[in-house]
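If you're matching them up, the sequences are chains U and L in order.
The opening position of the first sequence corresponds to residue 1 in UniProt numbering, with each subsequent residue numbered one higher.
The opening position of the second sequence corresponds to residue 1 in UniProt numbering, with each subsequent residue numbered one higher.
Warning: the hint list may mix true and false statements.
[Claimed, not checked] A partial selection of chain L residues facing chain U, derived with a Cβ cut-off under 8 Å:
no. : residue
1   : Pro60
2   : Ser101
3   : Arg105
4   : Leu107
5   : Gly108
6   : Gln112
7   : Ser199
8   : His200
9   : Gln229
10  : Pro426
11  : Asp427
12  : Asp431
13  : Asp434
14  : Lys436
It should be emphasised that the hints constitute simulated quantities derived from the structure, not laboratory data.
Quick reminder that beta carbons are idealized off the backbone N, C-alpha and C, glycines included.
Protein chains: 2
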Amino acid sequence: MRRTLLAAALSLLVALPLQAQQPTRIDDTAMAQAATLRERALADDTGWKVVESLTTEVGPRLAGSEADARAVEWAKAKFKALGYDKVWTEPVTFPKWERRSESARVLGASAQALHVTALGGSPGGRVEGEVVRFASLDDLQKAVPGSLAGKIAFVDYRMERARDGRGYGPGGRVRSAGPSAAIKAGAIGYVMRSAGTDSHRNPHTGMTRFDESLTPIPSAALSLPDADQLARLTALGATRISLQLDCGWDGEYTSQNVIGEMTGRTKPHEVVVIGGHLDSWDLGTGAIDDGAGVAISMAAGHLIGALPQAKRPARTIRVIAFANEEQGLWGGRAYAQKHAADIRKHQLGAESDFGAGRIYAFAAKTPDYAKDAVAKIAQALAPLGIEHREDGDGCGPDLSPFNAIGMACAGLSQDGTDYFDLHHTPDDTLDKIDPKALAQNVAAYTVFAFLAADADGDFGSAPKVPEVRK
Amino acid sequence: MRRTLLAAALSLLVALPLQAQQPTRIDDTAMAQAATLRERALADDTGWKVVESLTTEVGPRLAGSEADARAVEWAKAKFKALGYDKVWTEPVTFPKWERRSESARVLGASAQALHVTALGGSPGGRVEGEVVRFASLDDLQKAVPGSLAGKIAFVDYRMERARDGRGYGPGGRVRSAGPSAAIKAGAIGYVMRSAGTDSHRNPHTGMTRFDESLTPIPSAALSLPDADQLARLTALGATRISLQLDCGWDGEYTSQNVIGEMTGRTKPHEVVVIGGHLDSWDLGTGAIDDGAGVAISMAAGHLIGALPQAKRPARTIRVIAFANEEQGLWGGRAYAQKHAADIRKHQLGAESDFGAGRIYAFAAKTPDYAKDAVAKIAQALAPLGIEHREDGDGCGPDLSPFNAIGMACAGLSQDGTDYFDLHHTPDDTLDKIDPKALAQNVAAYTVFAFLAADADGDFGSAPKVPEVRK
């Protein structure tokens, strides 16, 4: 039944672009102004000051922690200080997970501490047992049920370094799917080589999920040198470890998406959406994940809003600092749900959530009638060293739920070569951001948002049937 | 009185080299054999296997900890497994310092954790107070007595990166002298920017000393990003932190210098001494500090000992794995004390304790009659990319007490450009060692020890009045 309805809806969706539609255009005046904004942004340090302020004054801001509330207040105040015309919040409610303490030790003749961090969503508890090493998630998933009874599973998969972050797909699956696979094989605990590309004693956290039918077990990530160590020890002989986590779920919490707008000149009720997520993991100060994204988008909106009224773009620039991305796109999903009826008012969206490396590519999946306008945006981005591509990374995690139901989106791909050296670790701190690369990002988002907001015509935002999610 | 005696002794000392002395010589056969050993060492992985074994199977080995005893057993067994002719231990007794836990937090509106580690020798305790930042030790030392009453002193000195590690002089003084300066100004606690050159959330530990008349205060090092953070916060306004250390002195412990010998062919009672220190700080696994030095010297002795009896050098190769270097050269001082009467039997000494970077320079301070032999050793080292210098780094910390009372010493200078990224941090782990650079070190020590041991004549070891130590 559901499938029949979906098929009918999809056929309707396919039919829509066939309607006659004027090409979307960006005029020369807008292009000239975009060029001015671009140079101004490159010389401006607003982005740096914003990320410095957030990471210093708020610091780590785990969703649901006391710092979450401080971050919300910070964002409201920062939007106002940056001259945003409207600032408001929209509630986002989610289950609250807390980390209190975590440790692990090799027992016996090679007794020593291991640096671990609990995976988000892990239960607390102390387990002790022999470690069984698997080179990959696949190998663990093939383990015979019961074969790990009383043991601790260790997936020692080494994530690939890549500019586009493609290594995080398989690396992240070790984190999301590993614990459930371990439980199915009978394990009492789970450890993994962090989904990261560095060589420091700083483990990478991140969410895991347990299949609903299973009883969760303590699950943690080892730093990469600790994973090396455990691999060597298990190769030498039977190795027992203890894993002690004090963490877990504790009720619900309501945070806020914090939204700032610079009102458009002629179509103030239509918006271009940019943003980042305000929450971070608790281990670092969330500089690259995602203080940078918040700063880039806040600074871009600020630069556009600082234009004289007559030079403002036609549409409104809406900047969203999303709540709780890390634990499951809670802010992005709440936004999509709340604004589902307004999809057509969303001209185009893009989120910055892949660090602070330079943007090297731009892509937007849009109907044919908008291709010229997209090419114009690409042309204005080219002096920043940004290549126009047909296919990109999508519009960032928090806008993906809204994109799934119809909002048109663009992607500004950042160089993520070093991103997974720092991602979700204590090392995600301000010193890892290059101010010049950050300014390049601000320039790109400024150009992008300005031109998209000033275009004559749209980029194809229209309601569609949501994708069926697993 | 003491000065008069010393002057008399020194005039005697100056007189000694004036006696007629045959030049020390190294013959062509020895040079040819050194060349063979050099190439053999470059292709050999004994050094790598030794440091892998020590850092993996023993792991961190803080002097006085249960792992100290395991390290001693490991060293005895490893010497035997490597074919050393004689293996023994010599006791080294020292006060035992323990680290149990450590934490720090910014309090108030920017509440967040700071990554700290207690300085060795610090007392435990919890202090809470406003932070007063000083850009240098000098600035703190100028603080008016009583001006820091109830406050926590923070020295934010940034150590210089250099190949020869010269930045550690001023950087290390912030650690050794800072706490006492803070106490004199009335402070209740002391924190410092780690004496390091990295940008990771891994603070650098190391010993501090309190002036005897003072009551020690909790003293810790911040990781470099945490020092950045605290500097920014104090610049924004009054900043209070809490510092909680559970650590301190706990009685005495007796560890062992572990010694292995490859017996010389014709002068077995004369020795060339090489070595490293067996203890490490507890945060890392002591790979570069100083598993590498132990491995380099053990492997060098092994390669020389593996020669057919007829090709062995004239003198014995003595390899020492020193106890407790980190907390005050306890092993080195014990060795000097025990063997003071045998200085002339020590042909020449060199310790490896500056990581695992390539050796780039060789120097030996010797009498004129030994210059030709030193030049021959330099000539045999040159193909390894090692330059002959007149002045070097001395013979390493653990041999410096023996050198002070007369043993001739040589220095093989390692490239320490990255050494203080890792030194005394959790990041001092095996993955930081380049196996090829390690093999170059082994080759250099093999060549050096072989030629020094086979030389006809000596390098000037003779008792002298100990230097007056502060």
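Taking the hints in turn, this is what the structure says about them:
no. : hint   : result
1   : Pro60  : holds (6 Å)
2   : Ser101 : violated (10 Å)
3   : Arg105 : violated (10 Å)
4   : Leu107 : violated (12 Å)
5   : Gly108 : violated (11 Å)
6   : Gln112 : holds (3 Å)
7   : Ser199 : holds (5 Å)
8   : His200 : holds (5 Å)
9   : Gln229 : holds (6 Å)
10  : Pro426 : holds (4 Å)
11  : Asp427 : holds (5 Å)
12  : Asp431 : holds (5 Å)
13  : Asp434 : violated (12 Å)
14  : Lys436 : violated (17 Å)
Violated hints, in rising order: 2, 3, 4, 5, 13 and 14; the structure is consistent with all others.
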